[in-house]
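Q: Mapping the sequence shown onto numbering that gives the first Met the number 0, position 263 (from 1) lands on 262, and the numbers just tick up by one.
Hints listed in this document are in silico derivations from the structure and should not be mistaken for laboratory results.
It is possible that some hints are incorrect.
[Claimed, not checked] Computed list of lysine-lysine pairs in DSBU-like fashion (alpha-carbon distance at most 35 Å, straight line):
1) Lys-115 with Lys-226
2) Lys-190 with Lys-115
3) Lys-178 with Lys-190
4) Lys-115 with Lys-54
5) Lys-190 with Lys-226
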Amino acid sequence: MYRNHNANPRQHHQRHNSRSSSSSSSTTSTAWFQGCPLSKFIALGTLISHIILEKGGISGGSTDLLSLNLEDIAEHGEVYRLFLSVLTFSTTGELVTGLLVLVPFLVQFEREMGTKKFASFLLIKCSILSTVLQLLCLFILDGRGHQDGSVMYFAPGPYPFIGALLYLYHCYTPRLHTKFIGILGFDFSEKFMTYVFTFLTVYSQGALSILPTLCGFAASWISISTKNLYGRWECCLPNFVYGIGTNVGRIFGLDSLVTSTVFMSRGSSMGLAAGGRNMGGIDRGNNRRGGAGGGIGAGAGNMAPQQPQFQRMPAPQPPSPEAIEQLTAMGFERDAVVRALSAADNNVEAAANRLLSGI
0 MYRNHNANPR QHHQRHNSRS SSSSSSTTST AWFQGCPLSK FIALGTLISH IILEKGGISG
60 GSTDLLSLNL EDIAEHGEVY RLFLSVLTFS TTGELVTGLL VLVPFLVQFE REMGTKKFAS
120 FLLIKCSILS TVLQLLCLFI LDGRGHQDGS VMYFAPGPYP FIGALLYLYH CYTPRLHTKF
180 IGILGFDFSE KFMTYVFTFL TVYSQGALSI LPTLCGFAAS WISISTKNLY GRWECCLPNF
240 VYGIGTNVGR IFGLDSLVTS TVFMSRGSSM GLAAGGRNMG GIDRGNNRRG GAGGGIGAGA
300 GNMAPQQPQF QRMPAPQPPS PEAIEQLTAM GFERDAVVRA LSAADNNVEA AANRLLSGI
């Protein structure tokens, strides 16, 4: 009995460590998509669709079933290709590299814009225009004819999404390290590596994947420009569609990802409406800031409900000289840099976003 008594605590400790490790990994995995239910839904949908179409023994796979071409749409009445051509990639290599490029873009801009505004911009405004541009390209290319009699088509996959989000990344994500890498005497920022990896991904099928990406890039540019009627269109996802999406997300357990507590605590705002551009009526996350405030207040009440009025907040840390130097090197005045760093809790990226957006 004595030995068993000593063994039980050890076994209990091992089981406790195992559960803690499992819980920690699960929390980390979930937190990565926190505030981004649509991003996770698109990523899972792309992955599952590829497995079903390519590994499920379906004849033709995604290339024959989802590729965008005028002959199947006009002559065979396969209108579904207009909507499902972005569903998934045609090869496993494209799937892996494509998700590595697409998912960080999705997460970043869904957090900045909010799920409803992000869905309106990407799934409606950009998707409509990029599809029209792709059909126009196919019409022009088909008009030239092919000597071998083949039909011109575009590769399936969310390449228009990559192009649309790449334009936002190019315009609204600041360069934090202007001399991140040097090649043959030329200095490049950290964004250079993203551009290179994105190009290698969209070049996987040559023109068949590059042209849809360029159509998405152009669609994003037109959609946020105030110099045209389409850009000034205040696109909004219908409430009943948003309600259906919310119910579907609840079925798949995505409702727990609606609030991004980690992101909101930093108070970051990328200023997507800067530079005389708009995002189709995109809100800068006022509802998210309100939600964050409620969450923080609730957390403080749970920790010390007996005397919340006597709790003292820790004194804010002054901005570090390195952070000040890094931002002043980007051309901002020192006083503005200090104020931005203080307002952003000394987060360099958030401070740069505030400076660029003029907050």
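Q: Determine for every hint whether it applies to the structure shown.
A: Hint-by-hint comparison with the structure:
A distance of roughly 24 Å separates the Cα atoms of Lys-115 and Lys-226; the hinted pair therefore holds under the 35 Å criterion. Taking the CA atoms of Lys-190 and Lys-115, the gap is near 27 Å; set against the 35 Å cutoff, the hint holds. For the hint pairing Lys-178 with Lys-190, the CA-to-CA distance comes to about 11 Å; that is within 35 Å, so the pair holds. Annotation: proposed proximity of Lys-115 to Lys-54 holds, straight-line Cα distance about 33 Å (limit 35 Å).
A hinted pair counts as satisfied when its Cα atoms are at most 35 Å apart, and Lys-190 with Lys-226 qualifies at roughly 28 Å.
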